[in-house]
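Q: Assemble the dimeric complex from its two separately framed chains, guided by the hints.
For reference, the chains in residue letters:
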Amino acid sequence: MSVEQAYIDRVIAQLPREATLRAQVALELQSHIAERVEHGHSVEEALRQLGDPIVLAESYLAAVPLIPASFWRRAAAKLLDVVVYVGVCAPVVLVVVYRYQFVIAVFVGAFLAAISAVYPLLAEYRYGKTLGKHWLGLRVVRESGARISFGQSVVRQLPLALEIFWIDVLFALFTEKSQRAFEILSKTRAVVATEDQS
Amino acid sequence: MAPRPGEDDDRKGIARELKRGSLELIVLHLLSHGEAYGYEIVTALTERSNGGLEVTDGTLYPVLYRLERAGSVAVRWETPQRGVPRKYYRLTKSGQAELARLRHEWNTFADAMASLLRQQPEIT
Chain G
163 MSVEQAYIDR VIAQLPREAT LRAQVALELQ SHIAERVEHG HSVEEALRQL GDPIVLAESY
223 LAAVPLIPAS FWRRAAAKLL DVVVYVGVCA PVVLVVVYRY QFVIAVFVGA FLAAISAVYP
283 LLAEYRYGKT LGKHWLGLRV VRESGARISF GQSVVRQLPL ALEIFWIDVL FALFTEKSQR
343 AFEILSKTRA VVATEDQS
Chain D
153 MAPRPGEDDD RKGIARELKR GSLELIVLHL LSHGEAYGYE IVTALTERSN GGLEVTDGTL
213 YPVLYRLERA GSVAVRWETP QRGVPRKYYR LTKSGQAELA RLRHEWNTFA DAMASLLRQQ
273 PEIT
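In order, the protein sequences belong to chains G and D. All residue numbers for the first sequence refer to the working numbering, where the first residue is 163 and numbers rise by one. All residue numbers for the second sequence refer to the working numbering, where the first residue is 153 and numbers rise by one.
A couple of the hints might just be wrong.
As the list claims (entries may be wrong) - Where chain G lies over chain D, by a calculated footprint (3+ residues, C-beta under 8 Å):
#1 183-193
#2 196-210
#3 213-219
#4 232-238
Derived by calculation from the structure, the hints in this document are not laboratory data. All values reported here derive from a predicted model rather than from experimental measurement. In this text, a Cβ means the ideal position worked out from N, Cα and C, and glycines have one as well.
The following block holds chain D by itself, in its conformation from the complex (with noise of 0.2 Å):
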């Protein structure tokens, strides 16, 4: 039987926990190549990432609900001839300036965290 979504997320403890609080600028970051819906935006972060940061649909969607809320994301609805509508998601300009102030935030935090752990853990 193929596994519940979230238990193999369980096993990875730093993972699952470092994923919940950058999945709001991996998604920004997305969308800044350009409008994509739901389905696109799933599969794109997982073929980018060669499947280490994938996630399911009920993690994804309610993130681009609130980046939607926000104002960093807006959305478009595109209705079929026949068939259900489809929901595009592009970035705003207020969402251009999150996803740089995210990616900052991100980029130093990496670069303090790999310069800490290149050193030996000495305390003097």
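If we strip away everything but chain G, and leave its shape as in the complex, we get (with noise of 0.2 Å):
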């Protein structure tokens, strides 16, 4: 790979995954890069010229502004997650009592309850959003509009395992941002998803 590939991707890697942004951003800066090329100097001065690729795609992100979610329609987004959750565990839990052996139900009920925290760790990780959050056009991003890190994903899902989700919660009805507590200690927030984001 090219060094100015790899610049563009770096970049590239901090905006929302999905995004049309990146798209717009990765052309617009080939065609930058090229200009200078162009105009006699080196890639490299090129990319100096463009400086640390973090703070140059935190620049482009400041121009797309953040709409807050508002906490009901963020309840509504977990109250289909959880729908959902009982929808798929249901059945499976149904049929493990009727038919098979105590020690193995509870082997599948400590799975599922694993699965219950683990599914929104890696959906908000790998694609900004949980079923839920996708249904109701919401997306996590941290708070410069930069898609989350994955130790943050791990942060924004430790109330449930510590067992304070509610007073958790509780925060996003009182906070500017309705962030939740565990999300200004993540810095990360729940936005509406825009036509850029999607």
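A: As structure tokens, this is what we get:
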């Protein structure tokens, strides 16, 4: 891979996944680098002019306003996630309870419980949203609008593991950007998905 | 070794803050002379300000992108026979109105500042 492509990839990696913004910025940077090269500069000089890829990505993201997701829209998204989860799990639980031994039932139960925490963690890290958030047109981003890291996704789900989910949720009713306590901690927020991001 | 972008700016506190606050005005003004592409805007800014308002590409392009999204600037892609397409920027009607508004705001501020600095700093 060329130095140029590697640089563009580093900028793009900061932007929300699957976003039209990614394609726009990639095209634009290619074009601007080519301009410098055509005027006799080296690719290295062009990249030096563009500066730190993470700072550049955040400058581009600053041009895209973030619309905070309302508490009730978020609650509806969570409810849908729970409904889907129960809908998928209930038949499994029924079959296991009636047809298998107690030990296996416990094992399956523990597995399903783990899924309830691991699913939102992976979905928000990989896609920036769970199924419920997707249906309600929401997505999870860093406060800058950049996509969240794996670590941030873990911190977001900690309240469930620590069994302080309800206290954590209460914060969203009173904070300016409708953030949960662990969202403030992880510097992430839920926003309304716009054309550029989804 | 050449200085890293931004390093030079960091030494001039006020200039840096002022530049950041006035970049949109600067870009709109430069485009009021007609269509241009990114590199032309960057070099025109350096030349016409004798280097005093020099910015890096990484500072300027996100500003252009913001103006494009806000509808102040329209873009046109020119695809050459071979090579990378070039992005041209030009002012829109609403961009012209925005330029007039920002220019007025800047002049008002600059006049007030000049008037203040001429006076003796006695508060009575």
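Q: Determine for every hint whether it applies to the structure shown.
A: Hint-by-hint comparison with the structure:
Evaluation of the coverage hint for the region 183-193 of chain D: fulfilled, as 3 residues show C-beta separations to chain G shorter than 8 Å, against a requirement of three. Remark: the region 196-210 of chain D is confirmed as covered by chain G, as 3 of its residues place a Cβ nearer than 8 Å to a Cβ of that chain, reaching the required three. Only when three residues or more bring their CB closer than 8 Å to a CB of chain G does the claim for the region 213-219 of chain D stand; here the count is 4, and the claim holds. Counting residues of the region 232-238 of chain D whose beta carbon lies closer than 8 Å to any beta carbon of chain G gives 4, which reaches the threshold of three, so the coverage claim holds.
Every hint, counting from the list given before, is met by this structure.
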